Each structure stands twice: as C-alpha cells, then as structure tokens.
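Respectively, the protein sequence lines represent chains A and B. For the first sequence, my numbering begins at 1 and goes up steadily by one. For the second sequence, my numbering begins at 1 and goes up steadily by one.
In short, the hints are calculated from the structure, not lab data. None of the values given here were measured: they were computed from a predicted structure. A few of these clues could be false.
Identical chains blur together in the list; that is why a pair holds if it fits in one copy or across any two.
Unchecked claim - 20 Å max Cα-Cα, derived SDA-like pairs, lysine to any residue: (1) 280 - 168; (2) 172 - 279; (3) 172 - 92; (4) 41 - 81; (5) 16 - 217; (6) 217 - 140; (7) 53 - 206; (8) 172 - 215; (9) 41 - 104.
Here is what each chain is made of, one letter per residue.
2 protein chains.
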Amino acid sequence: MGKYCFGVDVGGTTVKLGLFNTDGDLLEKWEIPTVTEDGGKAILPDVARSILKKMDERGMGRDEVEGVGIGAPGPIDSEGTVYGAVNLGWGTFSIKKEMQVLLNMPVEAGNDANVAALGEMWQGGAKGYDSVVLVTLGTGVGGGIIVDGRILPGSTGAGGEIGHMHVNDEEKTACNCGNCGCLEQYVSATGIVRLAKEKLAADGRPSSLRETSVSAKDVWDAVKSGDPLAMEVAEEFGWYLGKALAAVACVANPEVFVIGGGVSKAGEVLLDYIKKYYHKYAFTGCRGALFTLARLGNDAGIYGSAKLVLNG
Amino acid sequence: MGKYCFGVDVGGTTVKLGLFNTDGDLLEKWEIPTVTEDGGKAILPDVARSILKKMDERGMGRDEVEGVGIGAPGPIDSEGTVYGAVNLGWGTFSIKKEMQVLLNMPVEAGNDANVAALGEMWQGGAKGYDSVVLVTLGTGVGGGIIVDGRILPGSTGAGGEIGHMHVNDEEKTACNCGNCGCLEQYVSATGIVRLAKEKLAADGRPSSLRETSVSAKDVWDAVKSGDPLAMEVAEEFGWYLGKALAAVACVANPEVFVIGGGVSKAGEVLLDYIKKYYHKYAFTGCRGALFTLARLGNDAGIYGSAKLVLNG
Numbered sequence: 001m002g003k004y005c006f007g008v009d010v011g012g013t014t015v016k017l018g019l020f021n022t023d024g025d026l027l028e029k030w031e032i033p034t035v036t037e038d039g040g041k042a043i044l045p046d047v048a049r050s051i052l053k054k055m056d057e058r059g060m061g062r063d064e065v066e067g068v069g070i071g072a073p074g075p076i077d078s079e080g081t082v083y084g085a086v087n088l089g090w091g092t093f094s095i096k097k098e099m100q101v102l103l104n105m106p107v108e109a110g111n112d113a114n115v116a117a118l119g120e121m122w123q124g125g126a127k128g129y130d131s132v133v134l135v136t137l138g139t140g141v142g143g144g145i146i147v148d149g150r151i152l153p154g155s156t157g158a159g160g161e162i163g164h165m166h167v168n169d170e171e172k173t174a175c176n177c178g179n180c181g182c183l184e185q186y187v188s189a190t191g192i193v194r195l196a197k198e199k200l201a202a203d204g205r206p207s208s209l210r211e212t213s214v215s216a217k218d219v220w221d222a223v224k225s226g227d228p229l230a231m232e233v234a235e236e237f238g239w240y241l242g243k244a245l246a247a248v249a250c251v252a253n254p255e256v257f258v259i260g261g262g263v264s265k266a267g268e269v270l271l272d273y274i275k276k277y278y279h280k281y282a283f284t285g286c287r288g289a290l291f292t293l294a295r296l297g298n299d300a301g302i303y304g305s306a307k308l309v310l311n312g
Numbered sequence: 001m002g003k004y005c006f007g008v009d010v011g012g013t014t015v016k017l018g019l020f021n022t023d024g025d026l027l028e029k030w031e032i033p034t035v036t037e038d039g040g041k042a043i044l045p046d047v048a049r050s051i052l053k054k055m056d057e058r059g060m061g062r063d064e065v066e067g068v069g070i071g072a073p074g075p076i077d078s079e080g081t082v083y084g085a086v087n088l089g090w091g092t093f094s095i096k097k098e099m100q101v102l103l104n105m106p107v108e109a110g111n112d113a114n115v116a117a118l119g120e121m122w123q124g125g126a127k128g129y130d131s132v133v134l135v136t137l138g139t140g141v142g143g144g145i146i147v148d149g150r151i152l153p154g155s156t157g158a159g160g161e162i163g164h165m166h167v168n169d170e171e172k173t174a175c176n177c178g179n180c181g182c183l184e185q186y187v188s189a190t191g192i193v194r195l196a197k198e199k200l201a202a203d204g205r206p207s208s209l210r211e212t213s214v215s216a217k218d219v220w221d222a223v224k225s226g227d228p229l230a231m232e233v234a235e236e237f238g239w240y241l242g243k244a245l246a247a248v249a250c251v252a253n254p255e256v257f258v259i260g261g262g263v264s265k266a267g268e269v270l271l272d273y274i275k276k277y278y279h280k281y282a283f284t285g286c287r288g289a290l291f292t293l294a295r296l297g298n299d300a301g302i303y304g305s306a307k308l309v310l311n312g
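Okay, chain A solo, but in the shape it has when bound (with noise of 0.2 Å):
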C-alpha cells in the first residue's frame, strides 16, 4: 500500500488538489486554473500533468501513490462516469478511465457534493461516524448521503439531490431545476434573503435589515443580535429544513447530520434552529440523530476524493 493519495476538486473556476497521507493528513495544497474551453478537454490533462510535476518535485514514486480521487459537479455513476457536467463543458464519459489511462494509477471519481460529505466524515465534522447526510448550503443546497462509509451516489447519480425535495405546494416561482417548491428555494442564502424580502415587504416593522442590502449574513447575524423580523425568518428556515431532513431520515437514518456551506457560517444558532423543527417531525426511531457543523470549509472536496480512492 502507497504512503499518500491525491484529492482532486473540479470547480468551474478553479481546480483544487490535495497531497494526503493515507492517515488523512493534509500535507499540501495547491490550486490550477479550469479551463473548460473547447468541452473541458484539457481539464484532465492539466490535473494530471500538474499531480505528475508535484510526484516529480518531491521525488515520488507511482509506488509511493495510493491512488487519486477526483470529484467534480454533475451527476456521477460509482463506476466513475460522469453525466454531463454543464458547468465544465463535459459531456458524457468515465473520468475513472480517462484519468487512469493519462496517471497510470489507480482513480475514483464522485460528485463533489458526494464526495465533500465523504470528507466531512474522514476528517470533518462527521468523524468517527460513518452513516451520514451532509447539507451543503451556500448558493444553491447540495446534499451528500454517506452510508457504511462510502457515497450513496444513486443509480442516475441524483442521490443525496436534496436541495431539489419539494416541500412547498403553495410555490408560484419556478426552482432553476423547473420544480416550483424546491427546498433550495427556501433554505440556501438566496432562500434566506428571500424569505427575509417577503417579511419585509408584508408590513412596515421596524428591523436592522431595512438599513442594509440583505445578504444571508445579515440574516443571521440580525438573528443572533435579537431582531423579531429575522428571527421569525431563522423560524422559517429551520421549519423548512428540519422538517425536510426529518423525511430524509426515513429513508437513510443516518447517525449524523452535518451542515455546511456559507451559510453554516452562522454557527451554532442554526442548528438549534433546524433541530427544533427535526425533532418534531422525525420518526421515533431516527430522532436521536446528531447534528454537527462542517469542519473542512472548501478543503471538504479534496478530503473526500482522496479518501475516495482509499475506499477503492
């Protein structure tokens, strides 16, 4: 067995990587550009080449490598074939081959939502644990479902799409999905701003919020300072969230929920929020589950694709 892994994040701007130990240490990081012109095609090239000159720089030898894990944003089968990643260009191939055939190593590949809840257990704020469900909440909500330690990515690569649960009949305003009442619509920041516009724009109370141009920061940051208005907000979200993650529980029953994202930013305070509202919908036998912060930021990605290809 191989003393380190890589861990590679594809984002649409930039590509993040990782060198580990396979005890999960994080030894260096360092960052490429994406360049997704012309399909996406130099992508995999340009990682490899860039993991290649890093083995090269610290005279490793392919011996010395685990392997590599890539994650990336779209659907992606645990064969390693991703279906289509808009935000990259890429149209429909095995990335687990592609990557194989340009390394010579071993490589996984998984959904970047998947694979930042498969860090969070490694190494974040789920650790120990090895049933999870992370909530990414930042523009949009992204979800990851961790069961026996390894992805539950689904049989089309939409497991864990939780952020697309529809939880509200009375919605008029389409999801970017196409669905009207999509849980993103409520709970991830541009949710929260909204729901906080609506509060504001229904009567003329007086709130800290009126003075600025809401930001899902503001929000909270209102919450923890007292205001009514945002408080009553910070209701509504953990209704909408607790609520939805109690269904979740009554299909994966997971030990542990971790919440992530930019908004999680927020702290403490949110989860009493959503717990509240987890409590009082969620079966009997799935309440005693946990609730944890993110730990590993935007490092979550690289931590799970490294433990990806640790899994095997």
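For this one, chain A is given, so just place chain B on it according to the hints.
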C-alpha cells in the same frame, strides 16, 4: 460454495421457512407456529430445529448449505442485532450470533420489510435491478431500500421507514408512532378507508361505496368501475404517495419503485395514480425511475432472507 440456502421470515403468528438453491429457485416452503411466550425465547431454537430436521429429511450435509437468512419485524442492524421486536416479545440481542451457535452455519439477519425488498430485487418485481425501493401498503406502510444490491438498514435500523414520513401539517389525529401526519395515515389500507369515509361523510353524493362497510379493496374496485368519489380518493392517495416517493428519490435515487402489500392487489391502476404525482414532484434527474408491482406476495420475506445470507 454450498448448493442450498434457507430463508426464514419470522412473523407474529407463524414463521415461514423456505429452502432455496443458490440460483434462487424455491424448492420447498413450510411454516411453524411462532411461540411468543416468555420473551419469544423459543422462536430461534424452534427455527433451528425445523431447519435441521429438513436437512435430515433430505439427507443434506452442512457443507451443502450456504447458510440461513432470517427476517424479523423490528429494527435490525447490519451486524444482525435486533433492537427489540414487540410482536415477538424480543428485546435486544444478536439474532446472528444466537442462530450461528444453534446451527453452526453462516447466518445473516435483517428487518422484515428490508428483507422483502431484497427478495423482490432478487426474484420479484425488481429482478434485474440493484437499486430498489419497496413500499409495502398493508395495515401499515413499510419500506425497504436496496442500494447496489444491498439493504440500507440505517444507523438505528430505521432505514426505509417511509411510512412515517411527515406529509400533512394539518393532521390532528396521531399515527401509531405518536406523530401526526405520517404517510401511513393516508396510503395504508386503513388510511385509504379513512380517506374514503371522510369523503362519504362530507356530502351526500351517490357512490357505490355507500352500500358496503368500506375496505381498501372496495375503494379500488369502485375506482375501476368509474365511481367518481372513489376516483377522488385514488387521486388523493396518489398525491400523498407520489409526492412522498419523489422525496425518497431525492435521497436514494433508485432505478425502480416496487409497490407491494395487500393494497397492491388492486394492480396497475394503483401505479397510474402514484406515477402521475411522482412525475409532477420528482427532481428531473430522478424522473426516469420505474414503477412495478411486487410479485412474490407473502414469500418475499423468505426469498429476501435467503438472498441476505448469499450476499454474506
């Protein structure tokens, strides 16, 4: 590898047993009574004795038997430990270990609904698929999730408990589980009757259902003969279940949903109502999931538990 395996389905009144070859053909099936007295302590010894007797009858050696799988009603983890089974009088103990001592053969154990899902995947409605959700519509609503050909038991054995997904905020009547508004309250046999009775009580419209003491079968028979009130019940049933399965798909993203239990005897018409609302609410990446009827009936448990021990 042995040529045979046994599948055991422990119910509250009888234990069903099946002898299979490892290709999945059921060679013989029989039943013994379930003796629940005294904490159900006779159940496993009775099962063991019955299996050893069958092997003796057939002149079958231990080396010819791959092992014994056991399904039982209660939360059972992937190690074969049951955490209480009220209907059997059982507390918490390792079914797997106790049975291995009694039989000196490999044993696996799982929850009965999960094991039934595995059976339907192996030789039933989902044969040829390995990513499956089984929904059992009986007195209650059970569920089992199969990912990559294996049961998803969940961290506390509550994986696939989709009957207790919260689907109605307005509900004032409590489910058996203690929560209000569980899926089971609307789409089980009992739930369908309840929906029908509410509609019958709401106004004086003529309906063939007024002439009988309504059963779920009566409702579906009336649907097939074009009774408008019954068809409204079917729409409501489809709305609750289709929407809930769309939520399940955002988590587990199966290839196929299998609908079983007594209610499923209504046939394809049931699937039509479910699919109508599933397609309305499902995330685009999950919309291609298939819907089929269960095929193994009451034998799903013995098939699935046999497969459980073959999976190892």
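Right, here's what the structure says about each hint:
Proximity of residue 280 to residue 168 under the C-alpha cut-off of 20 Å is found in both arrangements, the shortest distances being 18 Å within a copy and 13 Å between copies. With identical chains, the CA atoms of residue 172 and residue 279 are at most 20 Å apart between copies only, with a shortest distance of 18 Å across copies and 29 Å within one. Taking identical chains as interchangeable, the C-alpha atoms of residue 172 and residue 92 are never at most 20 Å apart, the minima being 33 Å within one chain and 49 Å between chains. Taking the closest pair of Cα atoms, residue 41 and residue 81 come within 20 Å of each other only inside a single copy of the chain (15 Å); across copies the shortest separation is 50 Å, beyond that limit.
Taking CA atoms no more than 20 Å apart as the test, residue 16 paired with residue 217 passes in neither setting, with 26 Å inside one copy and 58 Å between copies. Taking the shortest alpha-carbon separations for residue 217 and residue 140, only the intra-copy value of 15 Å comes in at or below 20 Å, while the best inter-copy value is 44 Å. For a Cα distance limit of 20 Å, the shortest separation of residue 53 from residue 206 qualifies neither inside one copy, at 58 Å, nor across copies, at 80 Å. Within a single copy, residue 172 and residue 215 get their C-alpha atoms no closer than 23 Å, and across copies no closer than 37 Å, so neither meets the 20 Å cut-off.
In the homo-oligomer, the alpha carbons of residue 41 and residue 104 lie at most 20 Å apart inside one protomer (19 Å), although the nearest pairing across protomers, at 57 Å, exceeds that limit.
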